[in-house]
Each structure stands twice: as C-alpha cells, then as structure tokens.
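Chains as they are written, first to last, in full-length UniProt numbering: chain A, 1 to 110; chain B, 1 to 510; chain C, 1 to 500.
Everything labelled a hint here was simulated from the structure, so no lab data went into it. In this text, all values refer to a predicted model and were calculated from it rather than measured experimentally. Any given hint could turn out to be false.
Said to hold, decoys possible - Chain C regions said to be covered by chain A (calculated; three or more residues, Cβ under 8 Å):
1. 239-249
2. 310-323
3. 367-374
4. 384-398
As the list claims (entries may be wrong) - Only part of the chain C face toward chain B is listed, based on derived beta-carbon distances under 8 Å:
5. P108
6. P109
7. R207
8. G209
9. V211
10. S216
11. V301
12. V302
13. N303
14. D332
15. F343
16. G344
17. F452
C-beta: ideal position from N, C-alpha, C; glycine also.
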Amino acid sequence: MAEPAANPQITREDVARVARLSRLAVKPGELKAFTNQLRAILGYVNLLDEVDTADVEPMAHAIEVRDVLREDVPTPMLPREAALANAPATDGEFFLVPQILGGSDTPSGK
Amino acid sequence: MSDAPHSADQPSRGSLPDDRDIEAVIGLEVHAQLATRTKLFSGCAADFAPDEPNTRTDPLVLGLPGSLPVLNAAAFRMAVKVGLALNCEIARFCKWDRKQYYYPDLPKGYQISQYDLPVCGEGWLDIDAEEGVKRIGITRAHLEEDAGKNMHAGGVSKVDLNRAGTPLVEIVSEPDMSSAAEAKAYLERLKLLLTYLGVSDCNMQEGSLRCDVNVNFKISTADGAKATPIAEVKNLNSFRGVEAAIEFERTRQLEEFARTGETLNAGNKTTRGWDPDRQVTVPQRTKEEAADYRYFPDPDLVPVTLTEEAIEALRGELGEFPADRRVRIGEVWELSDYDAGVIIERGKPFADYYEEVAQTADDGKRAANWCTQDVLRDLSELNHEIDTFPIPAGTLGHLLKRVSAGELNTKAARDVYADLLSRPRGQNTPETVDAIIDERGLIAVTGGAELEAAIDDALANPKNAVAIETVRDGKQQAVGPLMGQVLKAVSGADPKTVRAMLLERIGGAG
Amino acid sequence: MTTPLPPDPASSYPTAAELSSEIRSGRLTAVAAAQASAERIAALDGTVRAFLHTDAERSAAWAADADRRIAEGSQSDLAGIPVAIKDNLCIEGEPCTCASRMLENFRPPYTATAVRRLLDAGAVPIGRTNLDEFAMGSSTENSVAGPTRNPWDPVRAPGGSSGGSAAAVAAGMAPIALGSDTGGSIRQPAAFCGVVGLKPTYGRVSRYGLVAFASSLDQIGPFARTVRGAATVLQTIAGHDPLDSTSLSDPVPDYLTDLDEPLAGLRVGVVADHFDVGLDKEVADAVQGAIETYRSLGAEVVNVTLPHSKYSVATYYLIAPSEASSNLARYDGVHYGHRAKKFGSLEELYERSRGEGFGNEVKRRIMLGTYALSSGYYDAFYLKAMKVRRLIQQDYDAAFEQCDVIASPVTPTTAFAIGELADDPLAMYLSDVYTISANLAGIPALSLPCGFSKGLPIGLQLLGPALSEPKLLRAARMYEFTTDWHTRVPPLQDQTGVTP
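Looking at chain A on its own, in the form it has when it is part of the complex (with noise of 0.2 Å):
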C-alpha cells in the first residue's frame, strides 16, 4: 500500500521556514532560486511514492552492528586552551555569545 504522498510543490514559504529551522540567512533573492531548485529535487524524490515499502524494515545503518560499547575508562582531554582554540570568542575561560534571551527552543534538561 501506497504511504501519503508527499506535497511536491514546496512553497517558497516553506522554504522561508525550513531556512529558519536551519538557521541559514537566505536573502529574498535567494529565496526564490532555492525554491525553485527544490521543487525541482522533491518533485524527483516523489518517484518513490511508486515504491510499495508497506512491509518493509526502514534501514538507518549500512551495516548491522549492534551493541558496541565502552567501558567507564577515562581518556584524556583537552585543556582548556585547546578547547576554547578555535572559538570566535572567548574571555579565556568561557565561550562568548550574545545575552541569551530566555526561552528559545530549548528542551528540559537545562
């Protein structure tokens, strides 16, 4: 059986959307080449509507490995200078950010 298809025209508001989902400036003039590219790809992907995968196990890995895991044994780690090497800003200790506006996204566990 045949799963919903997907919509193959991607509006260029979805488009505006999925940029900021992805974090990416992407000017107006942009926007409308993008759109365009990737109504182009998608309405080639639909090609696997005519797939019949009803019983058919989703593959996420190439090989099937399973239970890989290490034991609780320190290695070493970077010091501090080493972390903080490759950041755009840094007061020497901690990363630096624009003030964190509260909210966001953000998941519990904060």
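With chain A fixed as given, assemble chains B and C onto it according to the hints.
Structure of chains B and C alone, referenced to chain A:
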C-alpha cells in the same frame, strides 16, 4: 494556537470554584545525572568542576567535526537498573536518536537521546500518600546526554561545556499525582531509590537532579468536569520549588479559568519557568512556530540489545531497596519504626554508616541513638556529607562498643566524640579512640560495673545524706567524703572522674 | 571503440609500489620523494589546483622520520610514500577547511584514525586536497577556493567530491591519496581522472576524524594509480577502531599476497538497465569491452537485476541531506568556525554565520534535509527513503547469490566541462546514478581505468558483497593486468610547458 474560546478582555466568568471541587493533575519528568566516571559517549571525565570552566572536554564534548560517540556501558547498566527498580518493562532492543535544536550549550546542534525505543518502558513507583500507599505510573525512562551551562552576565552569555555530555536518565511519570504533597513524596521516594541503587547522588543544588512539572486542574462545575490548560514548569531544582510552583500554578490557573473559562485542548499547553526569587512561574517566550526537533536515528551509534540473562544479572546487582532495608534493620537491630525510617530516608550512605556503627558496636539501639541525634546534628552543623564526616563509622562503632561494655560512661564517650569531631577524618581510627581514653584517663573512670556500684553504695548510704544535700545546695567541696569512700572501694579509680560522676549523679545547683 | 593516446614514457611517473621499492632499496630517500612531490606540486598545481594547502616543513619532518624508520628496518610498503589527504580529514594542528569558508581558520586538536594509521606506516602527507564543500558535490566546483581542473583537460572537472585527491594522483603529484565516498565521491573522480579509486565496505575503515557529511554513507578510501596501490593503502587503514561505533570488528584479511592470482571461476554480474538511456555510447562500449575482457579471461558473465536501482538517486537525495542537515548543525559560530561580524541577537549570530559560512550547494542540502526530517514530512520522505534503502540492499543480496562481482559504468559520461552542470543541481545529482547504491547498501566498490574517449578516461566500476574486498581487488587486478590504461598519464607538461 489560540483557539481559546474567550479572550482576556471578556468579563469574568464568575468566582473561583470551591476547593473541594478541584483536583490537581500532576506528572513529573525527572532528570537524574548518573554517577559515572566518564561522559555518556566519550571517555572525558564526568565530574562537573564548576570552578574550572571548559576543562572537562574532548573533541566529542566540543562537538568538533569528525568526532564520534561511543556508548558508556556503565551508564547503560545504570539506566537498566533504574528501570528494574521502577518495575519498568526493559527494552530488549533500544536505539539512539538525535533531538535537534540550536543553543550555545549544545555544541553538536543536537542532543543524543532516545525517542521511540527507550531503554525502559512502563513501570510504577509506590509512594506514601495521605490516604495510604499510592501507585504512581512510570511512562518511560531513557538515557540522554546533558547540555553544558550558559551563564548570563552583562550583555553577554558565557558558555561552559564541562557538563555537556554527562549521562542523564530521564524518568517520566504518568499524571497520577493529585497534590503538591504527592509530587514531593514521589520525588523523595525516587531520590531515595536512585541513591540506594548508587546510580546518582541526586544532589539538587548541584543540578544532578532536575525536574519538570506538568500540571493542570480538574474542576467539577455545574456543567460537568472541566480541565484547565496544562502548564509545563521547567527546570525546578528543589523539592520546595516543585511544591511552590504547583501551588502557584493552582492559583494562577484557577484565576485564569475564572477569567477566561479556557479549557484544555490539544494546542494550548504552555511552557513556564520557575523564578525562585519571586516565587512565581513565568511564561517562557513562545516562538511563532512550535519547536520542531526533527528526531531521527543517530547514524553514528548502533542499537543496543539485552538478553534475558543480562537483565537478570543486572537485577541481581540491584541490592536492597530502601523499603526492604527499613524493615530489615528494624528487625535485626530492634529499632523503632521511627528510627529505622529516619536512618533509611537519610540515604544509602547514611544507612550504610549506621549499619557499620551498629555492627562494630554490636549495639543497634545505641548506634541508632548516636547516629540519629549526634551524628545528624553535627552533619548539618558542619555542613558535611556522611562520606566526609570526621568520624568514620568503624571509629564511632568502636567508641560505642566500649560504652556498651561498661568501660566508658556516656559523658566520657561524648568527650571522646567531641575530641574526634575536632580532628581530621584521616586521623580518626579506632586506635585514636583508645588513645584519647588513655590520655585522659577516661578508662579509669569507667572501671565498669564495680565503679558504678561503689557510687550507688555511697549515694545510698544514709550517713551521706547530709553531704549529698550540701552538694546539691551548691557546695561542691562537700563531695570529698563520698569520693574517699568510692576511691577506697574501687582501687585505681580516677579521683577527678569519680568526683565528676558523683556531682553528675547528685545534680543540683552546682 | 575508444581512442587510446600514444604512450608517453617521458612523462610517466612511478607507482606507489615502484617508489616503495626504490626507497627500500636505498636508491631514494623519503625526504627526496617528498621533495619531488613538492616540486611537482609547485610546477603543476597552478594549473590543476588539486591542493588547498601544503606544509613543506612538516612533510619534510615526517619524511625524515620515515627515513629513520627505514634505516631501522621498517618493512612497511608505505614507508616514505607521499600521500595526498582530502581536506575533510583531521590532522592535529593542521588546517582542515572542507573547502568551506565556515572552517577557514579551524585547526583540529586531533588526528583521524585513517591518517594516524598511514603516519604509523611511515607514509608522508604532502598536502591537503580540494573538494566540494563538505564533500557535497560531484565536480569539485563547490569549493571556496575555486574548482580543481582535470589533469587530462583543464577545462573539465575532475569529478568530485574528492576531485583534488584524484587529480593529484592523476597528475603524478602523489602516488596515493585518501578520499571519502558518500555517493561516489571517490569512484567518480577516479573515473574522470583515470586512476584507481576504492570505496571500502561501510565500517571497514574508521570514520573517526572524517568530517561527517552523511554518517551512514560516508566511507574513507584510497586513490592510487594501480589496484596494488589501492590495496596497499586499504591494508594499512582498514580495521576496527574503538572510537567509531560503526567500525567493523571483522579481522582484516591480507589484500596483497594473492592480489596477482587470477580468480578461477569468477562470475561477473551485468545489469541490463545500466546500459539503458542516458549512458554515453563510448562509455558503454568501453565498459562492455571490459566485460568481454573478463569473458576472455575465463569469467562467466551473468545477467542480474537490481529492480530498485532506479530509485537509488531519489533515496540517496533524501537520506544524505537529512543526515547532513543534522551533521552540519554544529557549525553555528559559537565553539569554532566562521562567525559573522555583524549580529544583534543570538539568532542573528546563528543565521548570519551559517548564511555566510556555507555555499549554496551546502545550504540547498541542509534545507532539503531539514524539510525531509521536519514534522509532517518525516514519514513521506525520510522514513520512506530508509525503507527503499533496504529494498536496494536486498536487491544486491539477491544479485550476489548469482555472481561474485557486478561490473558497471561509474559515470554516464566522461568528465564534463567546469560550469556545465553548475546551475542544475538535479542534473548533477542524476550523474551519480551508478555509484550511490553501493553507499546505500554499504558494499565495497571500486573504479579502475577501462578506456578513453576523446582523450578523457573512462572508468569501470566493480561492486561486491560486504567485506568482499579481497575478491574485488583481485578481480580488478585481473583486468588491469591485461590492459595498459593505467599506465597512461595526462599530457600535462606539454600543455603547461612546465617541466618538473
């Protein structure tokens, strides 16, 4: 989002409902940091080191390109133990998923978690509720990695990744609790269980136990039962905060309901934060779009399977649950239920301490008195955990053993205890106890039953009645004749101690 | 039939095996070999532009170390052999830009396992090669540094994304190179540049230290001028790595001892659909010619079918961008990498840093993948693709019941001109049609030269079941032994007038 039937500026919908017609509906999501040596997916040390920011990292913790995760076996075993202790269905097959969002304390841009196949499925935990034992359903428990920490200071935010990647077990309950007290009882019971399992230190101040509360209220009205919209209050890190947040939400939601009449629907759950300074919950900024975490299976990690035998082996390692231990120590050491409860609820390290003291002293009751009074008092005064308390269990046990043997009276024992308390833990061996006793000549004092008998005799002798009365009136030197009689009766007794014992027994104005 | 170029012994340069024998016999030092590589790069790379950066001092130090080890009796086949490294593999303290503005100034504090193993064997990294940004592309045009040129014709693309590594080997700048292959990124440039390129079984080579594009598809592999060269590199870099959960623990077989032994009773599978529409006639003829060569060597040619192979491009262009959208989320201008100069809020910092740091192809794939994973589309796109992926793998399982290897084209055409497909992403994606199903199925595949058309090389692809590298390499060697395509070298000096 806003298909609320009434807008805020509409007139009030009436007065607040009666308390009897309101029931809270509370579910908790608890994040407990697992007590592993290393992080969930790399060998980087997992101690938090808040005073040394960004010193507990490696390429994986920093999310550097090309780094790859490998699962910590100890963390996985701990999560299974949590599930077993919570009577959960344990997955024979579980996998890892990426939860994607952008935040400066999340260096990979995703958190590795478990989405649809968590390690622990449905289970339950019994709590003591007002009406007796109440069973709280567990929805699931899964493993995930912690984020780092953002600190806000003067226009910038500072990011410390020491905590990033630390293993967490997230335990999600059913919305089975119907009061703040029940929520607190659940958290206390859960914390006790986790500490007894040895999987987490559950230190809330240090953030190793954190809690999100989902709460709303069912109201019986003339037109039937109504439910207020659910609020999720995030990141509570004290039991007091959980209770206070629920109480605050009660007032807020009921007022809101009275004002707008808005009831629960699929789209009106809100997220709030707890402000411990103002003791209020505050709405968290809602974005124009709902969060879209785009969960998908992490291709860098492989599934983990568990056999029946492996699960049973872990069950065998669980150790004694607190409820069972409470019954056992009550029986073995002939403790009151109250004392057993105090000892058990103080946590596993304390119960272990007590049992070692009791074993060494071979006197469970005396050990219980000292542990629940002196030790607990001094722990809080010195702000120590039992592991760092200056007097090790074997040392206290040895001291009490000598008391029980009649070699030392209680007062002398308290002197020794006070002396030990002022010394570093490393010095306080059982030999130190003996040395203090010898040094101060305390042993002579407690020449045992013989000395006590001689004192009893002296006090009972009618010839001494006047002297005793004089001492009681405040003239301590009048004790001299009595001392002479006792010292004559017990050779080797220490005069100073005999004097002290006599004065203590006589009591009075002195 | 193809038009072979006249052999040009004057411009010939040694294979890894020849170089190794020179070095081990003491006729050549590693330092001199590294120096010769550096000189050739200096002379030719102005035209080819295979390298993004070189560090002559560090290479010389590695070479001196190799000479010391050779003097101490090292028997390694790779001791002193110069190797070009794709610029998406980490080496401690060296730039690793992925040809992206995003990582312009990034220097990893650690070394990739595959590179570590080459260093341990005494190989001498002589520079970092160009690629499509973050390995996303089939032409090496999507590079912040500009395109690499095909040594056989500098107006043409070398293929991609490992175009720099392929061009470096083809131009004789290094006898061997490392690349990475997510959908053909080793095999397609190998075919375009006329060298041998191998994508091993997924998990055979540790991905630790390879900057991830699509984790379930990425695999590191070698380029060399001969099958033996590729086998020698694989022998060194293959094997279990406790730092990569997906790395296979199966023991590494000996790829070299029996390499020259022809396979008796080899069954070569041929898929009729591969020779349908869209395949250049000269490429088809060359590949058919190779299949005939196998027949003449005593192999049995078997017709097999891969019914779902026509869905492989669509499947790949959902799975790879989905994983990429997640793998590239870490480049946010906070912990490392490009940060925009102007921003107000944190959100602006993210959007502008990523907007400026990534090129259009990377952005396109991030957006495509984000869309495919987003709420409401996951089932129709990503989940669907994961299911079709299994059907594609099952096709191969069934085919390999009937044959030992499958022979196919690598590319529908010979090297296209730079700029030819740049504005048509879909057409570019469709050019990967023959290579990407091996990544989806996780199986090993290699490309080796099988002819020329108008002076441009043509590749033959051989695919085998998982972990069949020993047989795959021997089958390739059987063919190589009877042909001289691999001895041809591009007429580069003549065109540039540069003498090394």
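Hint check results:
1. Check result for the segment 239-249 of chain C against chain A: holds, 4 residues qualifying (beta carbon to beta carbon below 8 Å, three or more required).
2. A stretch counts as covered by a chain when three or more of its residues have a beta carbon under 8 Å from one of that chain; for the segment 310-323 of chain C and chain A the count is 7, and the coverage holds.
3. Restraint check on the segment 367-374 of chain C versus chain A: 5 residues with Cβ-Cβ distances below 8 Å, three needed, restraint holds.
4. Here the segment 384-398 of chain C counts 9 residues with a CB under 8 Å from a CB of chain A, which clears the bar of 3, and the coverage holds.
5. A least Cβ separation of about 6 Å between P108(C) and chain B falls short of the 8 Å threshold, and the interface hint therefore holds.
6. Interface restraint check for P109(C): the shortest CB-CB distance to chain B comes to about 7 Å, inside 8 Å, so the restraint holds.
7. Interface restraint check for R207(C): the shortest CB-CB distance to chain B comes to about 6 Å, inside 8 Å, so the restraint holds.
8. Taking 8 Å as the C-beta cut-off, the interface hint given for G209(C) holds, the closest approach to chain B being about 4 Å.
9. About 4 Å separates the beta-carbon of V211(C) from the nearest beta-carbon of chain B, less than 8 Å, and the hint is met.
10. The criterion of a C-beta within 8 Å of any C-beta in chain B is met by S216(C), whose closest approach is roughly 4 Å, and the hint holds.
11. Because the beta carbon of V301(C) sits about 36 Å from the nearest beta carbon in chain B, more than 8 Å, this interface hint is broken.
12. At a threshold of 8 Å, the smallest CB-CB gap from V302(C) to chain B is about 33 Å, leaving the interface hint violated.
13. The interface hint given for N303(C) is violated, since its Cβ lies 34 Å from the closest Cβ of chain B, which is over the 8 Å cut-off.
14. This hint holds: D332(C) has a C-beta 6 Å from the nearest C-beta of chain B, less than the 8 Å allowed.
15. Contact between F343(C) and chain B, as hinted, is not supported at the beta carbon level, the nearest pair being about 12 Å apart and thus beyond 8 Å.
16. Given hint, G344(C) at the interface with chain B, is violated; its Cβ is 12 Å from that chain's nearest Cβ, farther than 8 Å.
17. With a least beta-carbon distance of about 37 Å to chain B, the hint placing F452(C) at the interface is violated under the 8 Å criterion.
Of the numbered hints given earlier, the model fails hints 11, 12, 13, 15, 16, 17; all others are met.
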